[in-house]
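Student: Put together the whole structure using the sequences plus the hints.
Read top to bottom, the protein sequences are chains A and B. The working numbering puts the first residue of the first sequence at -10, with every later residue one more than the last. The working numbering puts the first residue of the second sequence at 7, with every later residue one more than the last.
If you're looking for bench data, these hints aren't it; they were derived computationally from the structure. The beta carbon of each residue, even a glycine, is placed where N, CA and C say it ideally should be. Incorrect hints may appear among the rest.
Claimed, not checked - One-sided and incomplete, this derived list gives chain A residues near chain B with beta-carbon spacing under 10 Å:
#, residue
1, Glu24
2, Gly26
3, Thr29
4, Glu32
5, Val48
6, Glu50
7, Ala54
8, Ala55
9, Ile74
10, Glu78
11, Asn81
Stated by the list, open to error - Distance condition first, Cα-Cα at most 27 Å in a straight line; then the derived DSSO-like pairs of lysine-lysine:
#, chain 1, residue 1, chain 2, residue 2
12, A, Lys42, A, Lys94
13, B, Lys42, A, Lys1
14, B, Lys275, B, Lys140
15, B, Lys251, B, Lys291
16, B, Lys42, A, Lys(-6)
17, B, Lys363, A, Lys92
18, B, Lys363, A, Lys42
19, B, Lys376, B, Lys303
20, B, Lys303, B, Lys251
21, B, Lys303, B, Lys354
22, B, Lys42, A, Lys112
23, B, Lys87, B, Lys289
24, B, Lys173, B, Lys42
25, B, Lys275, B, Lys130
26, B, Lys291, B, Lys354
Claimed, not checked - Label-pair distances were calculated between CB atoms; the ranges are:
#, chain 1, residue 1, chain 2, residue 2, range
27, B, Gly12, A, Glu103, 32 to 38 Å
28, A, Val67, B, Pro355, 34 to 40 Å
29, A, Ser82, B, Asp20, 28 to 34 Å
30, B, Pro90, A, Ala54, 39 to 45 Å
31, A, Gly37, B, Lys289, 57 to 63 Å
32, B, Arg156, A, Gly(-4), 55 to 61 Å
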Amino acid sequence: MAEIKSGLHYTKSHEWVKVDGDTVTMGVTDFAQSELGDITYLELPEAGDSVSKSEPLGVIESVKAASDIYSPVSGEIVEANDQAIDAPESVNSSPYDDAWLVKIKLSDSSELDELMDSATYEKFVEEEGGH
Amino acid sequence: MADASGLTRTPIADWHVEAGAKMVDFSGWYMPVSYKGIIEEHHAVRNNVGVFDLGHMGQLNVTGPDADDFLQYVTTNDVTKLAPGQAQYAMLLYPSGGVVDDIIVYRRPDDNGFFIVLNAANTKKDVDWFNEQKANRPEFDVTLDHSSERTGMIAIQGPNAESVLQKIIDVNLAPVPNFSSVFGNVAGSDCMVGRTGYTGEDGFEVYSPIEDILMIWKALFEAGEDVGIQPIGLGARDTLRLEAKMALYGQELSSEITPLEARLGWAVKFDKGEFIGREALLKQKDEGLKRRLVGFKLVERGGTPRTHYEIQVDGKTVGEVTSGTRSPTLGENIGLGLVDVEYAGVGKPLDIIVRNKPVRAEQVRTPFYKRG
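Tutor: Structure representation (structure tokens):
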């Protein structure tokens, strides 16, 4: 069973968001990494880039396929995780900690209300994942 | 998520699900794509031993007094070169020179005709094709017996394949050469066993009565438990075959791609006489190829090449990627592509267009991986 952390916010496209004041840290969920399989490549925006909610923010590649990573919120990239870029397999081993992907300065904090809490996401994964 | 309903299951399907495999719809079959992870499974085959459920592959028996002549006419390779038990890679061609399928032809170890292995996605098309050719040429006295539904097939591949299979088979495997087959009793079941595969490693493919295949599968896991035998899904099957530069129908081969373009001329024997597609290939040879398959690796970061990605040189489209992956063995992004001949050549540069961005690549010698 995929790990779902309480205290985080979640998107339907399987990203997680951790709020810290007006900045959020985001990554992909344990469910997402397990569905994708061995992660081999990450393409992430750079500090200063602006991102829009639900728009592709970067790309995550596994052995089998390339998938978009969607921005959970709108704002400006503060930092991308270079260590994750250099060791994409850390997304498999530590999706919530070592392999956070980017930090985003929020432009509209009300967008956070549209994200799921952990209990809602758990239910969503059960319904969508079927396992 | 794959939905099991409506998909065909091999006798081993429940075992895969029980083992926690990720299951997918592969040409209408409910098949495992991976168990523990593609990369781990890939390394298991390169360094140890892995087992593949190939119950989706098709089989056809060709017998009768004119079986040799018929296959000389329908396939590209020369079956008269096959001694009993020997196998060869061949293709079925359309008169245009495009490929119906690529196949393995075994002359049965008892010399009673031929046993042919067909790609899962093409089985029906191939069997229809064989029947059509037989109908077109009634002078060939042959019997075609489509035996896919009666035949179980698994592959045991990797450096420890022989020692594991040897424990449960009653014939000595050591003297069996590559691309050769024998009859043997495997865990109580009478089978045909070929020293063949689709991984670039040493290994075997076992053909049994379908009702025995699950029992054989389980016996292999018991026999290989001490060395850590692993089940291998279709994901690693693809990365293994690509490193070994083995063609995949639908990617390197299709009705629109000829064997010459795919660099498989070694499996086309013009000197044997008439065969379907021969004239078109001779004409293509005469006029010169316009494009051909090349191998490349990316020489800068930018992602992984994938099927149908565009290939450019100096901003001009010169071809298309047929297969690509991050190679688990080499740790590099590798691929095969069909490229205009004037840009093809080991050492020459290509740009692979990954998400609208050119990523620099260099053409390299293939296979990408060859066992030592």
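Student: Next step is simple, just say for each hint if it's right about the structure.
Tutor: Consistency of the hints with the structure:
1. Glu24: The hint holds - Glu24 of chain A has a Cβ within 10 Å of chain B, the shortest such distance being about 8 Å.
2. Gly26: holds (6 Å)
3. Thr29: Given a least distance of 4 Å, the restraint on Thr29 of chain A holds.
4. Glu32: holds (7 Å)
5. Val48: holds (7 Å)
6. Glu50: holds (5 Å)
7. Ala54: holds (8 Å)
8. Ala55: Since chain B brings a Cβ to about 6 Å from Ala55 of chain A, closer than 10 Å, the hint holds.
9. Ile74: Holds, about 9 Å.
10. Glu78: holds (8 Å)
11. Asn81: holds (8 Å)
12. A:Lys42 <-> A:Lys94: holds (12 Å)
13. B:Lys42 <-> A:Lys1: Holds, at roughly 26 Å.
14. B:Lys275 <-> B:Lys140: Between Lys275 of chain B and Lys140 of chain B the Cα gap is close to 21 Å, so the pair holds against 27 Å.
15. B:Lys251 <-> B:Lys291: Holds, because 23 Å separates the two Cα atoms, which is no more than 27 Å.
16. B:Lys42 <-> A:Lys(-6): holds (23 Å)
17. B:Lys363 <-> A:Lys92: holds (25 Å)
18. B:Lys363 <-> A:Lys42: This hinted pair holds, its Cα atoms lying about 23 Å apart.
19. B:Lys376 <-> B:Lys303: Distance ~16 Å between Lys376 of chain B and Lys303 of chain B Cα, so the pair holds.
20. B:Lys303 <-> B:Lys251: holds (13 Å)
21. B:Lys303 <-> B:Lys354: OK: Lys303 of chain B and Lys354 of chain B at ~11 Å, within 27 Å.
22. B:Lys42 <-> A:Lys112: holds (25 Å)
23. B:Lys87 <-> B:Lys289: Measuring from Cα to Cα gives roughly 25 Å; hence the hint holds.
24. B:Lys173 <-> B:Lys42: Between Lys173 of chain B and Lys42 of chain B the Cα gap is close to 26 Å, so the pair holds against 27 Å.
25. B:Lys275 <-> B:Lys130: holds (26 Å)
26. B:Lys291 <-> B:Lys354: holds (23 Å)
27. B:Gly12 <-> A:Glu103: 32 to 38 Å: holds (36 Å)
28. A:Val67 <-> B:Pro355: 34 to 40 Å: Between Val67 of chain A and Pro355 of chain B, where Cβ atoms are some 37 Å apart, the hint holds.
29. A:Ser82 <-> B:Asp20: 28 to 34 Å: holds (30 Å)
30. B:Pro90 <-> A:Ala54: 39 to 45 Å: holds (44 Å)
31. A:Gly37 <-> B:Lys289: 57 to 63 Å: Distance hint for Gly37 of chain A, Lys289 of chain B holds at roughly 58 Å.
32. B:Arg156 <-> A:Gly(-4): 55 to 61 Å: Holds - the Cβ-Cβ distance for Arg156 of chain B and Gly(-4) of chain A, about 57 Å, lies within 55 to 61 Å.
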